[in-house]
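Read top to bottom, the protein sequences are chains L and D.
Just so you know, the first sequence maps onto residues 1 to 287 in this note's numbering.
Just so you know, the second sequence maps onto residues 1 to 146 in this note's numbering.
Derived from the structure by calculation, the hints contain no laboratory data.
Hints are supplied without guarantee of correctness; some may be wrong.
Listed below are the simulated DSBU-like cross-link pairs for lysine-lysine, each with C-alpha atoms no more than 30 angstroms apart in a straight line [claimed, not checked]:
| # | chain 1 | residue 1 | chain 2 | residue 2 |
| --- | --- | --- | --- | --- |
| 1 | L | 25 | D | 10 |
| 2 | D | 10 | L | 22 |
| 3 | L | 225 | D | 10 |
| 4 | L | 249 | L | 91 |
| 5 | D | 10 | L | 249 |
| 6 | D | 113 | L | 136 |
| 7 | L | 159 | D | 10 |
| 8 | L | 49 | L | 225 |
| 9 | D | 113 | L | 91 |
| 10 | L | 22 | D | 113 |
| 11 | L | 91 | L | 25 |
The model shown is predicted, which means the values in this text are computed figures rather than measured ones.
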Amino acid sequence: MSNDNGKDQNFIFRVRRFDPEKDPKPYYQDFTVPCPPGMVVLDGLWYIKENLDPSLSWRSSCRMGVCGSCGMMLNGKPHLACHTQVRELAKDILLVAPLPNFDIVRDLVPDLGPMMDKHRALNTRTIRDDGEEMLKPTDQYWQDPEDLVKYLQFAYCIKCGCCMAACPTLATDERYSGPMPLAQGYRYLVDTRDGAFKDRVKQLSGEQGPWRCHYAGECSAVCPKGVDPARAIQLMKRQLVFDYLRLSKLRYRKPAGLLPQEKRAKERREGIAEPPEFTVEGATSLQ
Amino acid sequence: MPEIIRYPNKLGLIGWLGGGKWGVERYLYTLHRVTGLGILLYFLMHIFVTSSRAISEELWRSTMGFFDSTVFLIGEYLVFAAFAFHALNGLRLGLIELGFLTGPAEEPVYPYKSSLNVQRPFMIVMMIVAAAVIIVGGWDFFIAGH
């Protein structure tokens with residue numbers, strides 16, 4: 001196969017274009033891109049922008065699979081453009097399209113706003129009573145490594161939206177929160193530092209909860225970070241059922257407190273920065 | 001500020017089949033929904049047919065006579081097959097939803113293995129059982145029963 005001969009090979013990038021100011025609907029446009037071995041799709045897009053069509057639009061930032069900006073459909077499957085090699089996916093034609101299940105803003109730019117709204121709606125942050133301690137921490141909260149493992153996998157989520165594009169339930173159901181927000185909801189549901197279990201359960205028992213998921217598993221199959229949202233959603237259902245039967249211990253859990261006095265540092269260690277000032281004028285809390 | 005025009009890109013029903021990596025579980029997901037709808041349709045027809053007895057015995061007999069054909073026998077078998085699949089796959093889904101077949105959360109190490117890998121052996125067993133039930137049912141429907 002000529003794919004690994006070390007020389008450039010020309011690939012057709014068949015890119016889905018849409019300019020809201022002049023196009024009534026999206027269309028495909030072909031670009032010929034010379035691809036050396038190891039070249040990622042994002043580099044190909046940059047080649048097009050610099051040499052063939054400066055108007056091509058997409059979203060990207062870190063170029064190393066961390067920021068989650070460059071999620072797009074590559075040959076019909078959701079991937080991050082920055083860590084997907086052209087020659088791994090295509091023989092001669094690479095289909096590049098924006099993530100489905102999101103409205104298209106322009107070319108390959110999806111509108112991720114509704115996903116982030118759903119994410120925010122599930123209160124995906126630590127909620128505690130000791131607001132002053134959270135704002136001006138005097139020490140770390142005490143959490144066992146075993147408790148950390150219960151949510152750490154889901155904390156690797158980079159909000160790229162690939163799971164939302166692959167979810168068949170979300171394709172037909174607007175009200176379903178989707179894999180990313182629900183996985184993040186579970187991440188806080190089982191975090192021992194959180195103190196809002198009862199409120200979260202009440203919220204998740206409704207329409208935005210996990211019950212519309214029937215385990216197609218596509219979210220986990222496409223996740224570029226191994227987050228496994230399908231697992232989080234099923235474990236969330238388990239917590240909800242066990243809590244309904246009053247078999248869950250989490251309902252009676254007190255949020256993890258500060259380290260016991262004997263384990264705390266005698267003085268604040270040098271080099272630990274003070275929290276920054278609020279950037280919003282008049283703000284007094286994290287809420 | 002001018003309003004930003006967005007082009008709707010929801011996959012709709014196509015999304016039941018496309019958009020992901022097309023794993024086996026996606027097809028089971030779609031088949032589970034389709035068989036569920038099929039069983040619901042049969043249930044509605046069943047109520048309609050049975051309720052004709054409340055009007056008169058003659059209407060009941062003529063309605064039943066209408067359904068006494070090879071086409072509806074095959075249809076009845078399809079309902080049986082749909083029920084067998086839906087029930088056994090539903091058992092798998094029930095166990096997954098209670099967290100018994102997903103495994104606990106674990107540190108993601110590349111190449112990633114997800115909960116799909118954990119439940120897959122059970123999925124294969126359930127699908128073999130479903131296929132066996134459907135085959136035995138077919139033998140009873142079309143050979144032994146007639």
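Tested hints:
Only pairs whose Cα atoms come within 30 angstroms are accepted, and residue 25(L) paired with residue 10(D) is accepted, the gap being roughly 14 angstroms. Annotation: proposed proximity of residue 10(D) to residue 22(L) holds, straight-line Cα distance about 21 angstroms (limit 30 angstroms). Only pairs whose Cα atoms come within 30 angstroms are accepted, and residue 225(L) paired with residue 10(D) is accepted, the gap being roughly 24 angstroms. In summary, the hint linking residue 249(L) to residue 91(L) is not supported, as the alpha carbons are separated by about 53 angstroms, beyond the 30 angstroms threshold.
For the hint linking residue 10(D) to residue 249(L), the alpha-carbon distance of about 40 angstroms lies beyond 30 angstroms, and the restraint is violated. Straight-line distance between C-alpha atoms of residue 113(D) and residue 136(L) comes to about 39 angstroms, which puts the hinted pair past the 30 angstroms bound. For the hint pairing residue 159(L) with residue 10(D), the CA-to-CA distance comes to about 19 angstroms; that is within 30 angstroms, so the pair holds. Restraint check: the Cα-Cα separation between residue 49(L) and residue 225(L) comes to about 28 angstroms, which is no more than 30 angstroms; the hinted pair holds.
Restraint check: the Cα-Cα separation between residue 113(D) and residue 91(L) comes to about 27 angstroms, which is no more than 30 angstroms; the hinted pair holds. Of the pairs offered as hints, the one joining residue 22(L) and residue 113(D) is violated, with about 44 angstroms between alpha carbons and a cut-off of 30 angstroms exceeded. Proposed proximity of residue 91(L) and residue 25(L) is supported: the alpha carbons are some 28 angstroms apart, at most 30 angstroms.
Hint compliance for this structure: hints 4, 5, 6, 10 are not met, and every other hint is.
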